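Visitor: The lines below spell out each chain.
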Amino acid sequence: MSTVSLEGVWKRFGDVVAVRDVGLQLPHGGLTVFLGPSGCGKTTTLRMIAGLESVSEGRILIGERDVTWLDPKDRNIAMVFQNYALYPHKTVAENLGFGLKIRGVAAAEIAARVANASQLLGLADLLERRPKQLSGGQMQRVALGRALVRDAEVFLLDEPLSNLDAKLRVQMREEIYKLHRRIGKSMIYVTHDQIEAMTLADGIVIMRDGVVQQVGSPLEIFDRPTNVYVAGFIGTPEMNLLDMRAAGGNLAGASCIVSAPAGCAIAPDAPLKVGIRPDHVVVVPDSEADSSSGWLEVDVCEHLGTTTLLIGGFDGQRLRVLTPRSNARPGDRLAVRLPADRLHLFDAGSGERIH
Amino acid sequence: MTSAWQRRFPHWRGDTVTALLVLLVLFPFFYLIQMSFRPKEDIFGGGFFFSPTLEHYGALWRGNFPFSFVNSVVTASCATVLAMAIGVPAAYSLSRASFGGARQIGLWILVTRMAPPIAFTIPLFIAYRYAGLHDTRTGLVIVYLTFSLALVIWMMKPFFDAVPRQLEEAAAIDGCSTWKTFLTITLPLTAPGLAATAVICFIQSWNDFFFALILTRTQASTAPVAIVGFIQYVGWEWGRMAAAGTLVMMPVVLFSVLVRKYLVRGLAAGSIKG
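Residue numbers (this note's numbering), protein chains in the order written: chain A, 1 to 355; chain B, 1001 to 1274.
Keep in mind the hints are simulated off the structure, nothing from the lab. Hints should not be assumed to be uniformly reliable.
[Stated by the list, open to error] Between beta-carbon pairs, the in silico distance windows are:
#1 A/THR236 to B/ALA1097: 50 to 56 Å
#2 B/ALA1162 to A/ALA115: 30 to 36 Å
#3 A/ASP279 to B/ALA1162: 46 to 52 Å
#4 A/ASP202 to B/ALA1162: 37 to 43 Å
#5 A/PRO27 to B/ALA1162: 39 to 45 Å
#6 B/LEU1183 to A/PRO27: 52 to 58 Å
#7 A/SER162 to B/LEU1254: 47 to 53 Å
#8 A/GLU109 to B/VAL1025: 54 to 60 Å
#9 B/ALA1097 to A/GLU57: 24 to 30 Å
#10 B/GLY1100 to A/GLU302: 49 to 55 Å
#11 A/GLY349 to B/LEU1183: 54 to 60 Å
#12 B/ALA1097 to A/ASP209: 28 to 34 Å
[What the hints assert, rightly or not] Calculated Cβ distances over 10 Å to all of chain A for the following chain B residues:
#13 ILE1118
#14 PRO1164
#15 SER1177
#16 PRO1188
#17 LEU1189
#18 PRO1251
[Stated by the list, open to error] Just a few of them, taken from the derived set where beta-carbon distance is under 10 Å, the chain A residues facing chain B:
#19 GLY51
#20 VAL55
#21 ARG75
#22 ALA85
Values in this document were obtained by computation on a predicted structure and should not be read as measured data. For glycine and all other residues, C-beta sits at the position ideal for the given N, C-alpha and C.
Using the sequences and the hints, build the whole thing.
Guide: Written out as structure tokens, the structure is:
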């Protein structure tokens, strides 16, 4: 089966370590997203899988085959580039069929597969055009089609949507999603856009500074981020991270006490980062305010239609609260409660998850 | 008053000046051509009208000139083909080079263009005498090659620089080896550059007078050298000089017109959106 595995893979550019000891097992037929900010090593990792970048240390396997030192052409992979990289001197049909032609596939077979792929991607009317005469979305489709006709084992997509405008991006995201379900091939998709990752992925690999931070399904990562970095990176609006201290089964801020999640063992008086997603913060009526709640001094109200995002000071720190549509105004003082079962506790020093 | 004429030529003042300048620049050229068709007796004749004759061309044809002309064609073509065959891959590897000193190598190649040719004549002359290359076409081709190579490398490198690497990476993933990528993707994209470079390379060798004069005698002498041969003790054969000059100029004019559009045309636009 065409599982892609990386075993202890390193990439060094001179003294700079771009990818540090990455070990991954990507499932067959799954869509795996490498997610992280620019410079985190996700594209370098992808390029190493493609064979466009040499591996400094470690092994890469596609299926049972060690491809670490194979040329790209011998790995049976297809790739969609960020800038599409369509051959400007060839027509769309020639672009689509080039990979087959090089591999000596018969002309009739090429024509059939090109016709098939162009049907699937809605390119049938554009086959005689040259890349110059295509719009961004069409170029993107041709780039996808070029990968598609090849019938490769693994599809690699390097930020394929980042050059499209916002509307087209959502549309193409859907198409890629459907395409993946339809062809059932393993795909590796690189992006820095966490929404793309959440919506498309079967599995997400979050990277930072060349190191894998967490691997899991979108919801696993959302529900149980493994460290402060992942917690802040996944989810919009961003998770709140408050500095607090353990105080006998409770969590103490500067002026408020929040009850800790049940069954977590924290060293007394340990400094903590307490995370809570903005939509998990509960606004309570003033009359119900008690010792377990604190006060939010609203500075900013962002009305998003269905919901309202309130940003303000809480216990001397910044807190984002996502509430159902509200008519709160800047300057208001609202009682809020941080439910214990919604809290994520991280070690303040290492940033690792405690609970 | 805006007449139809003025609407058609809105920039007539500028156009007139341009036309006059072009005439001025091309005057020697036209003068040479008309001279080559004038009868011998009337060669400097002031009259605007004359009965054209091919006597000078006929005289050239019967003399040694065709031989020199062929020498020119052969040496310039061989030098161009060889310079392209060696220089284009060299330019490509310099463009894609990641090895240390690539810049230095490029610079030193350029330096060969800067040295005055006359500095090499005596060493070359002596070396050619010993090597038996004096007065041979091979000898001329070698000299032209040394100068054309630098030209080819430096002209082609920017064209290769302009071809996005991602295209080559896409080709590599599509199944091409390095050479195949170069031949099927990179080279076709630099076609305008190749054409322009080849023509300039050819013209440079074709126009050479200096080395052909020093390094040849009779067997390998080229057309420009032959023209000077028409200056003799008994008199200057103006008609033949004009006819030969016209013939030597023709390929240059022809190629320049051909390559004009390639020189102007942009490269590989639209391949990468960014």
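Visitor: If I claimed the Cβ atoms of B/ALA1162 and A/ALA115 lie 30 to 36 Å apart, would that claim hold in this structure?
Guide: holds (34 Å)
Visitor: State, for the Cβ atoms of A/GLY349 and B/LEU1183, whether the hinted interval 54 to 60 Å holds or is violated.
Guide: Cβ of A/GLY349 to Cβ of B/LEU1183: about 58 Å, so the range 54 to 60 Å holds.
Visitor: Just tell me: holds or violated, for the beta carbon distance of A/SER162 and B/LEU1254 against 47 to 53 Å?
Guide: The hinted range 47 to 53 Å holds for A/SER162 and B/LEU1254, with Cβ atoms some 48 Å apart.
Visitor: Over 10 Å to the closest beta carbon of chain A is the bar; see if B/LEU1189 clears it.
Guide: violated (6 Å)
Visitor: May I ask you to check that B/PRO1164 keeps its beta-carbon over 10 Å from the closest beta-carbon of chain A?
Guide: Non-interface label on B/PRO1164 violated, nearest chain A Cβ at 7 Å vs cutoff 10 Å.
Visitor: Do the Cβ positions of B/ALA1097 and A/ASP209 conform to the proposed distance bound of 28 to 34 Å?
Guide: Given a distance of about 30 Å, which is inside 28 to 34 Å, the answer is holds.
Visitor: Does the beta carbon distance between B/ALA1097 and A/GLU57 stay inside 24 to 30 Å, or does it fall outside?
Guide: holds (25 Å)
Visitor: A/GLU109 and B/VAL1025, beta-carbon distance inside 54 to 60 Å?
Guide: holds (59 Å)
Visitor: Once the closest CB in chain A is found, is it more than 10 Å from B/ILE1118?
Guide: holds (44 Å)
Visitor: Is the nearest CB of chain A more than 10 Å from the CB of B/PRO1251?
Guide: Holds, because the least Cβ-Cβ distance between B/PRO1251 and chain A comes to about 29 Å, which exceeds 10 Å.
Visitor: Is the gap between the beta carbons of B/LEU1183 and A/PRO27 within 52 to 58 Å?
Guide: 39 Å Cβ-Cβ, so the 52 to 58 Å window is violated.
Visitor: A cut-off of 10 Å on Cβ-Cβ distance, and B/SER1177 was said to be off the interface with chain A. Does that hold?
Guide: violated (7 Å)
Checked against the numbered hints given earlier, this structure breaks hints 1, 6, 14, 15, 16, 17 and 20; the rest are met.
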